[in-house]
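Modelling step: build the complete structure from the supplied sequences, incorporating the hints.
Residue numbers (this note's numbering), protein chains in the order written: chain A, 2 to 346; chain B, 2 to 346.
Since the hints were derived computationally from the structure, they do not count as laboratory data. Any given hint could be a false lead.
Given that identical chains are not distinguished, each listed pair holds provided it fits within a single copy or across any two copies.
Claimed, not checked - With a Cα cut of at most 25 Å, we get these calculated SDA-like pairs of lysine to any residue:
#1 K339 x E11
#2 K339 x S26
#3 K33 x E154
#4 K140 x P109
#5 K166 x K264
#6 K140 x V64
For reference, the chains in residue letters:
There are 2 protein chains.
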Amino acid sequence: MFEQPANKTELSELGEFGLIRHLTSGIILKNKESKVGVGDDAAVLNFENKDVLISTDMLLEGVHFDLTYTPLKHLGYKAVVVNLSDICAMNGIPKQVTVGIACSNRFPVEALEQLYEGMMLACSNYGVDLVGGDTTSSKAGLIISISVTGSCEPGQAALRSSAKKGDLIVVSGDLGGAYMGLQLLEREKAVFLDSPGAQPDLEGFDYILERQLKPEARLDVIDFLRENDIRPGAMIDISDGLSSELLHISKASGLGCKLYEDKIPIDQSTYDLAREFGLDPTVCALSGGEDYELLFTVSQNDYDKLKNSVLLTIIGHMTDESEGCVMIDKSGGVHDLKAQGWKSF
Amino acid sequence: MFEQPANKTELSELGEFGLIRHLTSGIILKNKESKVGVGDDAAVLNFENKDVLISTDMLLEGVHFDLTYTPLKHLGYKAVVVNLSDICAMNGIPKQVTVGIACSNRFPVEALEQLYEGMMLACSNYGVDLVGGDTTSSKAGLIISISVTGSCEPGQAALRSSAKKGDLIVVSGDLGGAYMGLQLLEREKAVFLDSPGAQPDLEGFDYILERQLKPEARLDVIDFLRENDIRPGAMIDISDGLSSELLHISKASGLGCKLYEDKIPIDQSTYDLAREFGLDPTVCALSGGEDYELLFTVSQNDYDKLKNSVLLTIIGHMTDESEGCVMIDKSGGVHDLKAQGWKSF
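Spelled out as structure tokens, the structure:
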């Protein structure tokens, strides 16, 4: 559905070392925490006694992404962003990424350039340095492995286990859009495979498609919390759906939770498209995943500090473990929350 | 050639989260630098203002390893060790690893247990904490992605670019063994595929096989340098062969180098087997790779401090860039060094 690069330079023309030099040659390190970047056995960083956060993620073609409808630049952007989101979800500031790419010879150098272009754009937008790059060959499609490092003040990392009974449950942005974007792309792919001449009908769905293809990490939310002196209790990012993530926090904190269906933020376009597909918008928000919004708890004492924020919505509160993890629906009915998020096995 | 685990528990029985909990449940963090390990969005570390070293590596079935003759426990051990070696090659001490594994449903839980057993053994042997784990499904064999963090005193990282003209070139251990181990395993695999009833003839080749299947990171060499107050100039670990690594150091440092063939340390068993295979033992050492020995330069002033070490061999010295990168053979002939190391494209 998307055009491949017009120029095709074989990977073998550059070789492994030449390729990585080619892809990373323009990089200038910007953070003072980044001392030595790409080109040695390891990158050298210094965080001046802050706590260091590290997370790693692997994305596989055919499992996590479909190149039929994912432009490589978008893929590179998203691959970095979902990692940055993990650092935000610890109440930290992302600082560096290292990137490993495995791909077969069917990818020309220009394809990897597009992938890197997207990754570098994400780095630039979030003030992050790409400090390590590695490429290797794959017999099975494209594989992207990214590690991210970041920092926070010592002891200030927001763990999943730090929620307290009575804490408010807060979520950023809106939910379910990324899932509906995926449904839309899958539908158009099916149409395309059925009659290859057909042009995809994606007009008017910019927001939903962007939620799927070009998500953002909510570093702005971390900044907001810091500026307003709000210390999150537990925090997690929504990669597997609201329900799954809320269960993670509840379990890790040894608590129950009460979620109100009518509080869950869902964009009108997500809502309308879900209805068009015959799906329940609430279920899309609960189980859809890939929204990369932040879900966290705060003390009730902080209510005044965040109640007027356009970034955030209060959707419930933490309860005693004995009360279970439940959602109160719009009619007052009580439903147990279930983890129906995307499972890779 | 190697037996598969007798018990077979389907991965889907545990699910993604259950699997990672199952594999990492016994982990106890030992380093004071490791504050929070597996189980949150990111690990939390603290290095008290030391420089932080980070490196990452991806290993793919069919490209970097062959499960026909690689026991999963050995594979896990090696996958961790080659990453630790990257931190040693910066003159640093490895402290933590994060592990991403992608595999298909053909692997039972017990196979991943063996893989983890090997990884945990390497962590234990080197005093390293496993602080992050991730599993996902793959449509194409086993993929292992490991990131390693370590530390060194600020400014003490040994870069490839830090060699000085006149520096001695030093290598640890002996070279070419891992390559001959691979040749041996490939020969026995061919025999096995030809007549599946045949038992592999690997008797008496313990050392060479271990070099290939269970290499070690030379943390002992880093300790020796520290104890003897030897500050390495440039340093690299030998993953692609002596020749390729020496060219990296020379290029990065803007120098030439002179290597003496008769000084290259080659074990007798490596030498004999190379001859049996009709290979030049020196070429095996120059281009074989995967020995994970340390190659570094030191000032001539440090000669007395290391001349008697059984760990180390002086094999040449750094010259002016105009003199090129050459090896003096046993007859005094001069040969340009070429990078013929393993290329993945």
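Which constraints among the numbered hints does this structure fail? Numbers only, ascending.
As far as the earlier hints go, not one is violated by this structure.
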